[in-house]
Amino acid sequence: MDFSLSMLLAAFAGGCFGALCGALIAFALTGAIVLLGAAVALAGGRVDVLGTVAFGPVFGPHVAFAGAVAAVAYAARRGYAESGRDIATPLVSLGRPDPIVVGGLFGIGGYALQQLFAELLAKSDGTGFYTDTVALSVGVTAVVARFAFGAGGLLGTRPTRRARPIMAGGSQEADLLLSGESIGVAAKDAESVAGASPRAIEDAGRRADAPPEEATWVPWQRAWSMAALLGLVSGLASAWVVASLAEVDAAYAGAATLIGFGVSASLLALLVVGASVPVTHHMTLPAAVAAGFVLAAGGSALTAVAVGALCGLLGALLGELCARLFLIHADTHVDPPALAIALMTTAIVLTDLAL
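When you line the sequence shown up against the numbering used here, it's residues 1 to 355, in that order.
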C-alpha cells in the first residue's frame, strides 16, 4: 500500500478534477486513456500507462469518478444542484468551491479504499485479486456518499421532487419526475388492454418488462430483453478481441482484456451531448476477463468467446438489477456497472478456482 503524501495529493487532485468535469466526462476520459495504455502495452512500451495513469491516483474511476459522484450528492444536499444523481453536468458550472473540495476528499477516500482492497483481496499466489478492486471502491464510496448526503438510505425512498434524468447531459432541458406513482402502472395497463388492439397489448407487455421511463437508469436499455441482447453482443465482441490477440501472442491477453472496456467507457462521452448510446462497460469487462481465464486454462478461442458472451449477458442483467435495487428510487448515484463488475469478477475468479 502506498499512502505517501504525493499519492494522497494526487488523489485529491483527481477527485477535484472529476467533480469539475462531471463524473461521466471523467470516466470517458479514463476510457480514452485505457485505450492509449492498451496500445502502448501491445506495442511493447515500457511505460505502464494502464496502471499508473488510467487506473492510477488521478484518473482512476475510484478517484475521479467516485469523487464526482460524491460531489454532486453533496451539491444537491446543499441545494446547489437539482439532483444528486446528475453525473453528467460538470460541477464547475455551479461556481462554488465546496463541492469540488468534497470531490477531492472522496477522491482520497476512493484511492485509500482501493489500496486497502488490493491488500486484503489479493490472491495468495500473487496472480491477481478476488474481485475488481477499482470497481468495488467505486461502489463503496458511492454508498458512503449516499449515507452522508442522501435522504433515503441504501435503497432510496422514491423521491417526488423533480430531478434531471440519471444520464442527462448539461444541455438537455427535459426533467423527469422521479416518483413512486408509476409503481404498478404496468400491471394496471396489462389489465386494461383485455380485448384491446394488438399494439396496445404489445405496449403493455413492454411496460411490464421494464420500469417506466420516468423511473429508470438508462431508458433505452431498461427492458430485460434489450439488456440481454446488449450484453450478449458486447460480451461476444470484447471476448473475441481477447481471443484474437492472444492467438497472435499470449502476452497480449492482459492488455487486450481492457480494450472492450476502454471502448465502452469512451463512448459514454456522447451521453453528455444527448446521444442515446449503450452503456456496456459492465458487459465488456467481465466478458474479456472470463475469456482470459478460459484461454489461460488451455481452452480454445471458440470456448473463450462463448463464455465471454455468456458473462457479458450476465453482467448486463446484473447491472440492470443493481440499478433497480440501488439507484432508480434514490436521490444519489450508486453506480450499477461498478457493482456488476465487482460481483461478476468475483464470480469468475471463484469459478476458475473451483474448476
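Rather than coming from a laboratory, the hints here were simulated on the basis of the structure.
One thing to keep in mind: the hints can contain errors.
[Claimed, not checked] Just the calculated beta-carbon pair ranges, DEER-fashion:
#1 Ser276 x Gly299: 33 to 43 Å
#2 Ala122 x Ser93: 18 to 28 Å
#3 Gly153 x Pro97: 24 to 34 Å
#4 Ala354 x Gly152: 33 to 43 Å
#5 Val248 x Leu36: 18 to 28 Å
#6 Asp98 x Gly299: 45 to 55 Å
#7 Phe147 x Val47: 36 to 46 Å
#8 Gly126 x Asp249: 15 to 25 Å
#9 Val101 x Leu350: 33 to 43 Å
#10 Glu247 x Gly274: 31 to 41 Å
Small disclaimer: the values here were computed from a predicted structure and weren't measured.
Don't be surprised by glycine CBs; every beta carbon is placed ideally from N, CA and C.
Indicate whether the distance between the beta carbons of Gly126 and Asp249 respects the range 15 to 25 Å.
holds, 23 Å
Quick one: are Gly153 and Pro97 within 24 to 34 Å, going by C-beta?
holds, 29 Å
Range hint 18 to 28 Å (beta carbons of Val248 and Leu36) holds or violated
holds, 20 Å
How does the Cβ-Cβ distance of Ala122 and Ser93 compare with 18 to 28 Å: does it lie in that range?
The hinted range 18 to 28 Å is violated for Ala122 and Ser93, with Cβ atoms some 40 Å apart.
CB of Phe147 to CB of Val47, is that within 36 to 46 Å?
holds, 39 Å
Hint check for Leu350 and Val101 - Cβ pair distance inside 33 to 43 Å:
holds, 39 Å
Beta-carbon spacing of Asp98 to Gly299 - inside the hinted bounds 45 to 55 Å or not:
holds, 52 Å
Outcome of range test on Cβ distance (Ser276, Gly299; 33 to 43 Å)
Holds - the Cβ-Cβ distance for Ser276 and Gly299, about 36 Å, lies within 33 to 43 Å.
Outcome for the supplied range 33 to 43 Å, where the beta carbon pair is Ala354 and Gly152
holds, 38 Å
Gly274 and Glu247 - C-beta distance against the hinted 31 to 41 Å
holds, 40 Å
In this structure, only the earlier hint numbered 2 is contradicted, and the remaining ones agree with it.
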